[in-house]
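Enquirer: Take a look at the letters that make up each chain.
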Amino acid sequence: MTTPSLMVPPTRRSPLQGLGLWWDDRVDRYNAQPIFLKAIWVFLALVLVYALPLLRPPGITTNQIDFGGVMFDCASFALVALGLNIVIGYAGLLDLGYVGFYATGAYVTGVLTSYHWHWPYFFSLPVAIVVTMITGVILGAPTLRVRGDYLAIVTLGFGEIIQKVVNNTGWLGASGGIKDIAHPPTIGTRPTPPFHQGGAFAIPHLQWDGLIPSLDHEHVTHFLVFGALDAIPYYWLIVTILILVFLGDRLIKASRVGRAWEATREDEDAAELMGVNTFKYKLLAFALGAAIGGLSGSLYASGQGGYINPQAFLLIYSMLYVAAVIVGGSGNRWGAILGGVIVAYLPDRFRSLGDYRYFIFGLALMVLSIWRPQGLLPPRRARRARAAAVEIDALEDGDEETAVADV
Amino acid sequence: MDLGALFGSFDNFLSFTIGGLVFGAIYALIALGYTMVYGVLQLINFAHSEVFMFGTFAVAWVFVALHGTSSAQWSLGRSVPILLVALVAAMCTSALVALLLERVAYRPLIKKNAPKLIALISAIGASFALSEAMGLRDKFAKFFGLDHKLANYVSPGKARDVYSNPVSIQPHHLFNIGHYSVTDVDLTIIVAAIVMMVALDQLVLRTRLGRGIRAVAQDPEAAALMGVNGTRVVQLTFLIGGLMAGAAATLYMVKIGTTKQDAGFILGVKAFTAAVMGGIGNLRGALLGGLVLGVMESWGAAVFGDQWRDVVAFVLLVLILLVRPSGLLGEALGKARA
Amino acid sequence: MSEPTTDRRAVLEVDNVTIKFGGLTALNEVTFDIKEGEILGLIGPNGAGKTTCFNVMTGVYQATSGQVRFDGAPLGRLSRHKITKLGIARTFQNIRLFKSMTVLENVMVGSDVHSKVGFFDALLRTPRHRNTEAASLAHAKELIELVGIKADLDELASNLSYGDQRRLEIARAMATRPKLLCLDEPAAGFNPAEKLRLMELIRKVRDSGFTVLLIEHDMRLVMGVTDRIVVLEFGQKIAEGTPAEIRDNPAVIAAYLGVDEDDAS
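Chains as they are written, first to last, in my numbering: chain V, 5 to 411; chain F, 101 to 438; chain A, 20 to 284.
The reader is advised that the hints may include incorrect statements.
Calculated lysine to any residue pairs in the SDA-like style (CA-CA distance at most 20 Å, straight line) [claimed, not checked]: (1) A:160 x V:258; (2) A:104 x A:158; (3) F:212 x A:177; (4) V:257 x A:135; (5) A:101 x V:145; (6) F:212 x F:330; (7) F:212 x V:368; (8) F:239 x V:354; (9) V:168 x F:366; (10) V:183 x V:169; (11) V:168 x F:409; (12) V:168 x F:419; (13) V:257 x A:146; (14) V:257 x A:101.
Rather than coming from a laboratory, the hints here were simulated on the basis of the structure.
Can you make the complete structure from the sequences, with help from the hints?
Expert: Pasting the structure below:
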């Protein structure tokens, strides 16, 4: 079989296995709790996630660049990774040109809200999603019939083509890019810079003197003003969307559709002979992945100071997205989110490493894939399969006898 | 769109075709590295582009070492002695990088029988690291206190800028086809590439080493049972891929003369495209795919404008895969798959 | 066990089918049918054309001449998943389960064939999704119990014993509610005790209303479980009849004479 198999063969216990076990333990404990306690935990976790850029916890906070911006990047990457996880992790399709969809979404929003028309942001968002999805279908329909490996190269080509096309097309702003992309509407009074920041109220950030927090009234986030100055409202928006996508992902995965994806990934021929229309489900995964890519791209276009240019959509980002999914644990939505956050966060956090950071990132990627090929947080069942495989190895000789007795 | 640019005169047409063949020959040589590794291991050797990139630097360094830094314009004939040294140096450098890559990034994963996707991620990581290492060469040298001694090689503070051969090789007119003047540089590149590919093809077809490679490509387990050392064969494919990438790097530097730490990326993608187009795993396919890709993108650039060159290349790839999913010549080195 | 089946309706008819690959004739004017509710054995020495025959019956190959009719209608050029939907399901000689899916999920993939649940049903958790899912779940559990898998429903397929993996394949194929269930060498790799259990299972499957086509190497198994047997040799049908008739057929004995002990045991 040439389809990438996500089954992980038994190897000796890797140093990062503890993370998976720890995570299992958390999930088990959470599941064992009564519903109202669960609700409280979820609520607390959500509050923490939303408040994180305001709390600026020491150790995590990046000092050289705006922490809110970093958090926005992390959330965007997590969203992208979540989308790509459907394509790679669930359906087993290697898409190396995901940035092409990201760019499509961003440029649709750019063109609709600034460059040619002046639509409000939230009108452009669904159009961006639909256009990207159609792009995905147009690209996927012919290529998903060819062998899996070739899909990788065709998508790689697609990513490159999109970047070159926007770079060379005057109608899309060419290499100069598009500026003044619309922001989502303000809640509260409209800002009238430079004197009035707008919004309904201002939320101060925390500042830390060692481990002692105090309120920082000089740096505040205005609720709720989307603009180029403060990335935190965008972070909130994208986290909200992330949660919605996450929930949808969960529902789909635990249904006939999710089963069809997994069966196709495991053994395409067998799936087909069991009556799964593999092509249809591959196309669905591809189109959904594309749509989420377009959604993230659209948010990025508005969030990044309302400015995009072709340099933001280089093919190398596709590699980073794939890396995020695989590093996090292909096939596990929590893993994808973790991977996305790590890939976005590390280079920013270790900015002090300066020029070395991508070098170290490359090495880390290599070491991680060798050390822990199934990713940091693989699907629970893959972890279980590993444990069982070790057990079976040990029982190998006795196994046949058991089978006889069993039959 | 300007069809006249391409078809307006026969001379133009020839000139674009020959220009395309020159790049096509270079793509073909790099494509070998992808196609052989894919044929044997069924994995995309994503970091092969860096193998090539290290080769281009080896060439530039040999010129700096043997010629000094004053930029000069030499004829191809005059630079032959240095070029030969550079060729050997580039082939050795690229082969070493390729072997290192196999040892560090792939073998541990192959041993664990890890999924192909993971090998690809490892390769992406290796690619990042190698390319960045070249871009940081001044910093590394500084760490050893050598940055001033080696200033001409590591270009302190400018390691990320374009790095060039001090000698630019001046093409000389040899003869005309129609009115198009064929230069020695063009001819050398095309001939050298084709000669090397034919030699390699014969090596794989006729020698014991070649039989081993083909055996592992078809059925690794059976080959192992028949006493073929799988690891050896994998090493050998990386070695050959590296040697060819080094040769490609030399030819590239003869033609272009400058390089950069990220020069490999797009060339690598194109070369992989060429390999897929010809039929991945198929050596002759790599040659054909490389030449077709080179010529077609050159024509495309003539018709649509140079900035559309890469787009033409990829659109072509997609079209060919749709019409012939296993490439122009099919997959020969690897096993036949349904 | 050999109750008269001749008067029943034919589920699948192989009518004068010839298959050629280039110059090679893999099947030569083969004619037989499978009647509703019977277990038909398809046997023959290695290279006799069993697999080719199997593939033409499951729509993988198209006949060079002749016709395969399923449920009275010719089996045309359909994509493979539609064949399953039509009512032909199969197991694989070399087990091909969805390894990193659970026992339950493997079987549910089979039941999903007739499900009308779409993407939006799943996303919005419509009543249709809930009902279908509940029905599938119940059906899958029944089948798992029927084939006798003792492992946990949430166990991964890859963690099952070899015997259970074979049984799971049968359950998965049965879940598609086929009119014809094709078992491709289900006893491969089994020891005699396991084979005995398998024979029981196959009969049980037939008794719960399935029509079974059994391709098998093992003569004892075939003789013991089938209602009728078709024997192929060199692409030709050389005999057809009840196990007792086949056992005494001189042509069959000749074909199997000198066949390796392993194959004929």
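Enquirer: If a hint holds in the structure, say so; if it doesn't, say that too.
Expert: Outcome of the hint check:
no.	hint	in the structure
1	A:160 x V:258	holds, 17 Å
2	A:104 x A:158	holds, 17 Å
3	F:212 x A:177	holds, 18 Å
4	V:257 x A:135	holds, 17 Å
5	A:101 x V:145	holds, 19 Å
6	F:212 x F:330	holds, 14 Å
7	F:212 x V:368	holds, 19 Å
8	F:239 x V:354	holds, 17 Å
9	V:168 x F:366	holds, 12 Å
10	V:183 x V:169	holds, 18 Å
11	V:168 x F:409	holds, 9 Å
12	V:168 x F:419	holds, 18 Å
13	V:257 x A:146	holds, 17 Å
14	V:257 x A:101	violated, 24 Å
Hint 14 from the list above is the single one not met by this structure.
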